[in-house]
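Use the sequences and the hints to build the structure in full.
The lines below spell out each chain.
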Amino acid sequence: MKFLARVEVGHQAGILDPQGATVQRALPALGYENISEVKIGKSIRLVIEANSESDAREQIEKMCEHLLTNPVIETYEISLVELTGDAAENSAGE
Amino acid sequence: MKFLARVEVGHQAGILDPQGATVQRALPALGYENISEVKIGKSIRLVIEANSESDAREQIEKMCEHLLTNPVIETYEISLVELTGDAAENSAGE
Amino acid sequence: MARRVAVVVFPGTNCELDVARAISSLGAHTESVFHLEDSLGSAEAVIIPGGFAHGDYLRTGALAQFSPIMESVSAFAAAGGPVLGICNGFQILTETGLLPGALQKNAGLKFLCASVGLSVASNRSVLTRTTTVGDQLQIPINHFEGNYICDRETLAQMKANDQIVLRYTDNPNGSLDDIAGVSNEAGNVVGLMPHPERASAEILGSVDGLVLLESFLAPL
Amino acid sequence: MIDKATYQALGLTDDEYEAIVELLGRHPNELEVAMYSVMWSEHCSYKSSKVHLRRLPTTAPWVLVGPGEGAGVIDIGDDLAIAVRIESHNHPSAIEPYQGAATGVGGIIRDIFSMGARPIALMDPLRFGSLDDARTRYLVEGVVAGISGYGNSVGVPTVGGELVFDDCYRENPLVNVFCLGILPKSRLVFARAEGVGNLAVLLGSATGRDGIGGASVLASAGFDDSSATKRPSVQVGDPFEEKRLIEACLELLDEGLALGVQDLGAAGLSCAAAETAAATGAGMDVDFTQVPQREPNMNPIEIMTSESQERMLAIVTPENLDRVLALCARWEVRANVVGHVTDTGRFRIFSGSFTGNDPADMSRCVADIPCASLGQGPVYERPQARPLDHAEVLLADPAPELLAMFPDGTDLSGELLRLLSTPTIGDSSWVWRQYDHQLFLNTVVGPGGDATVLRLPDTERGLALSVDGKARFCRLDPNTGARLGVLEAARNVACSGAEPRALVNCLNFGNPEHPEVMWQFSQAVDGMSEACSALGIPVIGGNVSFYNESRGADIDPTPVVGVIGVIDSLAAPPPGMAFSPGEHVVTLGTTLGEFGGSEWAYVVHGIDGGSPPVADLDAARYLHGLIRDLVSRRVVSAVHDVSDGGYGVALAEMAIAGGVGASLIPEDDQSHAAWCFSESASRIVVTVPPEKLSEVLTAAADAKVAARDCGTTGGTRLIVNGVFDVAVSDLATTWRSAVPLALGVNE
Ligand SMILES: Nc1ncnc2c1ncn2[C@@H]1O[C@H](COP(=O)(O)OP(=O)(O)O)[C@@H](O)[C@H]1O
Ligand SMILES: [Mg+2]
Chain A
65 MKFLARVEVG
75 HQAGILDPQG
85 ATVQRALPAL
95 GYENISEVKI
105 GKSIRLVIEA
115 NSESDAREQI
125 EKMCEHLLTN
135 PVIETYEISL
145 VELTGDAAEN
155 SAGE
Chain B
65 MKFLARVEVG
75 HQAGILDPQG
85 ATVQRALPAL
95 GYENISEVKI
105 GKSIRLVIEA
115 NSESDAREQI
125 EKMCEHLLTN
135 PVIETYEISL
145 VELTGDAAEN
155 SAGE
Chain C
8 MARRVAVVVF
18 PGTNCELDVA
28 RAISSLGAHT
38 ESVFHLEDSL
48 GSAEAVIIPG
58 GFAHGDYLRT
68 GALAQFSPIM
78 ESVSAFAAAG
88 GPVLGICNGF
98 QILTETGLLP
108 GALQKNAGLK
118 FLCASVGLSV
128 ASNRSVLTRT
138 TTVGDQLQIP
148 INHFEGNYIC
158 DRETLAQMKA
168 NDQIVLRYTD
178 NPNGSLDDIA
188 GVSNEAGNVV
198 GLMPHPERAS
208 AEILGSVDGL
218 VLLESFLAPL
Chain D
17 MIDKATYQAL
27 GLTDDEYEAI
37 VELLGRHPNE
47 LEVAMYSVMW
57 SEHCSYKSSK
67 VHLRRLPTTA
77 PWVLVGPGEG
87 AGVIDIGDDL
97 AIAVRIESHN
107 HPSAIEPYQG
117 AATGVGGIIR
127 DIFSMGARPI
137 ALMDPLRFGS
147 LDDARTRYLV
157 EGVVAGISGY
167 GNSVGVPTVG
177 GELVFDDCYR
187 ENPLVNVFCL
197 GILPKSRLVF
207 ARAEGVGNLA
217 VLLGSATGRD
227 GIGGASVLAS
237 AGFDDSSATK
247 RPSVQVGDPF
257 EEKRLIEACL
267 ELLDEGLALG
277 VQDLGAAGLS
287 CAAAETAAAT
297 GAGMDVDFTQ
307 VPQREPNMNP
317 IEIMTSESQE
327 RMLAIVTPEN
337 LDRVLALCAR
347 WEVRANVVGH
357 VTDTGRFRIF
367 SGSFTGNDPA
377 DMSRCVADIP
387 CASLGQGPVY
397 ERPQARPLDH
407 AEVLLADPAP
417 ELLAMFPDGT
427 DLSGELLRLL
437 STPTIGDSSW
447 VWRQYDHQLF
457 LNTVVGPGGD
467 ATVLRLPDTE
477 RGLALSVDGK
487 ARFCRLDPNT
497 GARLGVLEAA
507 RNVACSGAEP
517 RALVNCLNFG
527 NPEHPEVMWQ
537 FSQAVDGMSE
547 ACSALGIPVI
557 GGNVSFYNES
567 RGADIDPTPV
577 VGVIGVIDSL
587 AAPPPGMAFS
597 PGEHVVTLGT
607 TLGEFGGSEW
617 AYVVHGIDGG
627 SPPVADLDAA
637 RYLHGLIRDL
647 VSRRVVSAVH
657 DVSDGGYGVA
667 LAEMAIAGGV
677 GASLIPEDDQ
687 SHAAWCFSES
697 ASRIVVTVPP
707 EKLSEVLTAA
717 ADAKVAARDC
727 GTTGGTRLIV
737 NGVFDVAVSD
747 LATTWRSAVP
757 LALGVNE
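Residue numbers (this note's numbering), protein chains in the order written: chain A, 65 to 158; chain B, 65 to 158; chain C, 8 to 227; chain D, 17 to 763.
Every clue listed holds true.
Beyond 12 Å from chain D on every Cβ pair, some chain C residues (computed):
1) Arg10
2) Asp45
3) Gly48
4) Gly141
5) Gln143
6) Thr161
7) Leu162
8) Ala163
9) Asn178
10) Glu221
11) Pro226
Cβ-to-Cβ under 10 Å is the rule here; a few derived chain C residues that face chain A:
12) Gly62
13) Leu65
14) Leu70
Since the hints were made in silico from the structure, they are not lab data.
In this text, a Cβ means the ideal position worked out from N, Cα and C, and glycines have one as well.
Right, here's the structure in full:
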C-alpha cells in the first residue's frame, strides 16, 4: 500500500519562534490588524510504501523522532492519505 | 469569528527542492528504502478574525499572494478551522 | 559621475558601511536612508546593500518589500535612475518585482562565503556599461539563498533583452544558466549576488568590484 | 520555608543554604533561593576556580578593563579600544547543536556591545569526538550551521577558530566562542546602576520560560543521560532581534542616553539588576509585572530568573526616558521600565507598582535581599591530587617505538599523507566557508592562515588574532600543555608581525569534585600564568567550564586561549604561507625527538603517553621577537608556524598553499622521523629570496635562534631527500578532502 504523508513540524510549547514573531509584528503595518499567533514551521510531504496505515504511521513517527524533527524543540503532526489507482502509480504526492 | 488558518507552502512544479532531495537521499542509508517524493516546504499557522469563513479565506489568499509566499517559486494551500468557545478565547492556535 | 548615492538600510542590513566605504573610495558621497523614510532626497543613484533585512525571516526580502522607502525606490527606478541591489538587495528587488526571477537556497544547502570568478555577460546595464562582455572578475559571494531561478519564458525574454549581466565561471550555488546578476529591461536596475564592495582594495585581495561600482557611478 | 529537598534540587549544599540564611537573617523564600542557587552555581560564581584564577597576570599599562566585567578592554591607541571575551557553550550544544552554538554566539556578542564596543569579529574553537560516530557528525553539522546561521545574520564575521577531533569529547563537545569589538574609548560603559531614581529599562525580547535555572545549572552539574530531567527548555536564538539590539544600544550610548548597560545572562533579570546596583553600592527595586512575557501565566521565579536570549538592561535618567523609548521604537526594540535605582543597597522585587516605602507597597514585595550578596557566593579550595600514574605516563615516551618502526631510510611519504588526512590537520575550509568572514572589509588574512589579520579602520594598523588549545599535551602534563597553548597562539600572532597585547582564556575541564581535575586545573593555570608573564601578555578575561564529562570520564584538560596582537604598520598584507619558486626554505628553532601527545604518535599510530614537548619560554621570546622583526621588515616571503604534525605538515601546507614544491635536505643531527613529525615547540618555517638569505641567518644568530637553510622551493613535488617525495597535487587532494570525507559529505 502507498500513502501520501504530510508532516507538519511546529515548535514545542514555550520555544521561541522568531520567524513567526517577526511576521506577526510586521502585519499591522501592512494593514492586517486582525491576525494573531503567527507560527512558522516546516511542512514535509512524502510517499511511503507500507503494509498498513498503522505500519506507515509508525515508520513515519520513527523518522520524525530520528531525522525529520528535533524532538527537543519541535513537535510534529502526521496525516496520512492512502494513494490508490492512478495516484499510487504516479505517486506525485501533489 | 475567529479561525485557525494553516497555510502549507510548497514548491512550484519544476522548481527544485534541494532540501527534500537531500532528505530523500539520506533515507536509504538509515534503513528507509520505501520512501519517495520527499518535499519540504513551510507551514504557517495563524489566527484570523473575520466575518465569515469565505472572508477569512479571501484575506488569507491575499496575504499569501502579497507576503506569505513568492508566486514565482511557491504554491500554497489554505485550510481553515473555526475557533469556538474556549479555543477562541485563548486562541492558542494549537 | 553620480556624486550622491543613497544606501538603503533596513533593520538587519549589515553591509551598508562597507558599501559606503567602497563608494567613497571612488570619490562619491553616500547617504544612509532608513527604510521608514519615504524620500530618497536628491540621490542620483540608489544601492540596496547586503545583509539580512528583517532577519530574512519568512523569505529573504519578503518583508523588506513593504517598507515605506521601497515606493520611492520603485518610482526612482521607473524614472530611469540607477538602482543596484547587492546580495540581500538583489533578493529584495526580485521580491519587489523590480527584477525578474527569485533566489532560492543554494543547491549545496550551505551558506557560502568565498571568492568566485565572474564573467561579464552584458554591458548594457548600469553596472557593466564601462566593461567589455567577457571580462573576467574575481569577487566574493556571501549567501545562503543565491540560487537564481525563473521560468523558461522569463529566461528566454531576459536573454532576448540582454538582461543577464554577470555569470559565474564556476557555478557555486546551482543558479539557472550560471546567472550571478540580472538587470531590468531598461538596464538601470541591476541585482547581483556577489559583493563588489568586498573586492574594493588591494589589501583585501581584489579590486575587481571597483570596476563595477565605477560603471554604476559613471554618468548616464 | 524552603525544605532541604528543594534547595538541594537547585544545587545548593547545606552549608551554602546556611550561608544564605545568615546573610538574610531569616530563611529565604522560593524566589530568593532560586536567585541564589543560580548566582552561586559554579558557572556564575567561579567558586571552585576563583582561588586559582587569582594567580594569572592581569595588568599592563594598556589594560583598561581586566577580568570581571562583561569583557576585557585594552587601549590600542588612536583613542580606540578593543573589547574581547571568550565563552563556552558546551552543554547546550550537546543537547541541541544548532541552537546551542547559535545562542553561544548571541551571548558572547552581548558581552561585547554591553561595554559599548561594536562587535567586529567572532572566532569558534570547536572540539568533537571522532567523526566515525554518526551523532558526532550530526553535532558538527549542527554546531557549524548554528554559528553560521546566527553569526552571519547578526552581522558579525567569524574570522577564525579551531577544529579538533578527539574521542574524549564524544559526548561532550566543546563549543567555545570568542568575540572582539572595537570602540572609541569615550564610549566605554560599565554595568553600573547609578543615581537614585534612575530607571532600569529592559530592552529586547519578551521573556519566556527559557532555561529556568538553566544554562548555569546545566553547566554546573554532571551531564549524562540520567540528567535528562534537569534539562531546561532549549533556548532559541533570534539573530535579528540581536542585530537590532546592537544598533539600538550603540546608538543609546552614542547619544549619551544610557548610564550603564548590562546584558542578561545566567539568572536573567535578577542577576543583571542586582549586579548593576551592587557595582555602585546602590539598591534596585524591580516590578516583575512590567516585564513583557512571551507566555501566559509565568510566575515571578520564572520571570526573574528566565534566561531568554537577546535582552539587555539599560540604566537611564527619567528625563531621557522618552528619547530612549523613541530610539528603541525606531529599531523595533521593545523597551520597558521595570525598575529604578534606590539607595537602600537592597534588591527588592515587587508585584505591581511601587513608590518606595509605603507599607502598602511593601506588602507586594516578593523578594528583598542585599544586592551584593548574590555576588558573595562561596569560595572553595577543592582538594587536588596528581593522578597516581602521572609519572608513569610521562615516562612512556613513544619515540623508541616509532623510531624502531621508521628507521632512517624508510620512505615516510605515506606517513605524511596519513597525517594530512586526519580531520584535525586537514583543511577546515568546509567549516569556515559557511561563515561570513569578510564583513566590514577588515579581513586582510581570513581563516586558513596562522593568525587572522584585521585592518583597523581609519588607521594604518591592524590586529592579529589566534585561538589555540593543546589538550593532548595538557593531558600528559597540564602545566606544560597550558604553556604550549599560549606559546602557539602567541607564535601565530607573531608570524603576522604583531606584538601580543592581551589574552583571554576558556578553561574547559572535567568535574571539579574530582581531585585529579582540580590538580589539572591548578597546574594549567600555573603554566598559563608562567607563559603569559614570560611573554608580557596580560590575561584580560576568561571563562571556566567545569563538569565536562564524556562516557563517564572527564575530558582531557582543555584550556583554550585567544591572543590579540597589534600590528603597527599594515600597508600591505603580511606574507602568507605560500611557497613561491626559487626561494630558500629556512627553519627557525630547534627540533628534538618529541613525540609525546603528537598527532603522529597518537592519532596515526595510537601511541599514548610520554612527555609533551618542552615549553622553553626564553626560546619562545627570542623566536617571536625575531619573526616579528623579519615580517615587519618584509624580509621573508612566506611564514608558517610549525604545530600539529611537525615540519612535515607545515611544509606540506606551504606547498599546497602555493601550488609549488620544494627540494630539501633534512637536518642530520636528528632522525628523519623526528625531523619530520616531532612537535617541538617554538619553530617556524620561512622562505627567503636568495639575496636576503644571509640577512635572515644573521638576524637569527643575533636573536639567539637556531636557523638552517634546508633547500629551495620549486617544481611540483615536495621532496625531502631520503625521507619523502610526494606530488604537491596529491598532498593537496588528501588535505582538502580530509574533513569532507570524514563527515561523509560530497564536496
Ligand atoms: N572552526 C573554525 N572556524 C573558523 N576558522 C577555523 C576553524 N577551525 C580552523 N579554522 C582556521 O583554520 C586555520 C588553521 O587552523 P589551525 O590548524 O588550528 O591553525 P594553527 O595550527 O596555526 O593554530 C586557522 O586560520 C583557523 O582560524
Ligand atoms: Mg599556525
